[in-house]
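I would like the entire structure built from these sequences, with the hints used as guidance.
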Amino acid sequence: MAIADRRSSTWSTADGIKAYIIEYGLRPGDLMPTEADLCVALGVSRSSVREAVRTLASLDIVEVRHGHGTYVGQMSLAPLVNGLVFRLSLDAEQTLNSLRDVVHTRMALDLTVADELIARNHGKYRRELHSLLDEMERRGAAGGEFMEEDFAFHALLFKDVDNTIMGELASAFLEIYTRALPQLGVTPQEDIAQTVRTHHDMLRALETGDVDGYRAAVRAHYAPLQRAIERAVEAQTPPAEDPS
Numbered sequence: 001m002a003i004a005d006r007r008s009s010t011w012s013t014a015d016g017i018k019a020y021i022i023e024y025g026l027r028p029g030d031l032m033p034t035e036a037d038l039c040v041a042l043g044v045s046r047s048s049v050r051e052a053v054r055t056l057a058s059l060d061i062v063e064v065r066h067g068h069g070t071y072v073g074q075m076s077l078a079p080l081v082n083g084l085v086f087r088l089s090l091d092a093e094q095t096l097n098s099l100r101d102v103v104h105t106r107m108a109l110d111l112t113v114a115d116e117l118i119a120r121n122h123g124k125y126r127r128e129l130h131s132l133l134d135e136m137e138r139r140g141a142a143g144g145e146f147m148e149e150d151f152a153f154h155a156l157l158f159k160d161v162d163n164t165i166m167g168e169l170a171s172a173f174l175e176i177y178t179r180a181l182p183q184l185g186v187t188p189q190e191d192i193a194q195t196v197r198t199h200h201d202m203l204r205a206l207e208t209g210d211v212d213g214y215r216a217a218v219r220a221h222y223a224p225l226q227r228a229i230e231r232a233v234e235a236q237t238p239p240a241e242d243p244s
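For the sequence shown, the UniProt record's numbering assigns the number 1 to the initial residue and increments by one for each residue that follows.
Among these hints, one or two may not hold up.
[Said to hold, decoys possible] DMTMM-like, lysine to aspartate or glutamate: derived pairs with alpha carbons at most 20 Å apart:
#1 Lys124 - Asp160
#2 Lys159 - Glu116
#3 Lys159 - Glu128
Bear in mind the hints are in silico, worked out from the structure with no lab data behind them.
In structure tokens:
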């Protein structure tokens with residue numbers, strides 16, 4: 001079979017599997033039919049089902065658990081993350097511009113939800129968020145990293161937003177630039193204390209109902225990263241030729 005024909009067959013079978021999931025109302029984590037049953041249901045060969053399942057697994061639409069079977073996947077934004085991280089690694093000059101766009105988009109999401117977060121948190125004491133900040137301070141003082149706590153902090157904030165897609169996008173963009181920065185050699189000149197402080201400022205503004213203070217804290221949080229990217233862009237820009 002020609003490559004183009006095989007690819008067409010794979011996608012056709014993949015579409016059939018997706019239609020099966022929808023028709024039978026399967027949800028993430030539900031067990032899928034066996035390979036043999038899918039062959040019968042879709043009227044295709046085992047090889048077509050295997051190729052289609054591999055394709056859908058790469059998109060997190062299905063999950064293959066070896067020795068247990070195939071399950072409906074979480075349908076997360078992991079493929080988007082992996083695709084953008086790979087794209088950012090292709091062209092150094094264009095990559096930095098794309099990375100700048102990723103960070104700007106991530107910050108825009110934080111700013112967009114400011115009013116909603118203030119409305120949901122004003123007058124409250126967010127114990128779990130304070131606990132995460134305490135752990136960030138503890139790890140930072142010991143010279144360690146606190147990426148897990150940082151992710152958890154922002155994820156908890158977006159749980160208050162009545163838009164699950166926005167929360168998933170925020171987490172995706174955070175992961176994208178966190179993974180891309182080391183590959184590109186971009187190092188924000190931001191000490192650990194400043195990182196923790198901007199998180200404290202964000203939380204304090206939310207609890208006291210200070211929307212302008214929250215937005216200012218968000219901008220302060222991303223400023224070192226944005227400056228680091230700009231420095232990297234300038235370092236790659238060749239000097240202007242001397243007209244003389």
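Status of each hint after checking the structure:
no. : hint            : in the structure
1   : Lys124 - Asp160 : holds (13 Å)
2   : Lys159 - Glu116 : holds (11 Å)
3   : Lys159 - Glu128 : holds (13 Å)
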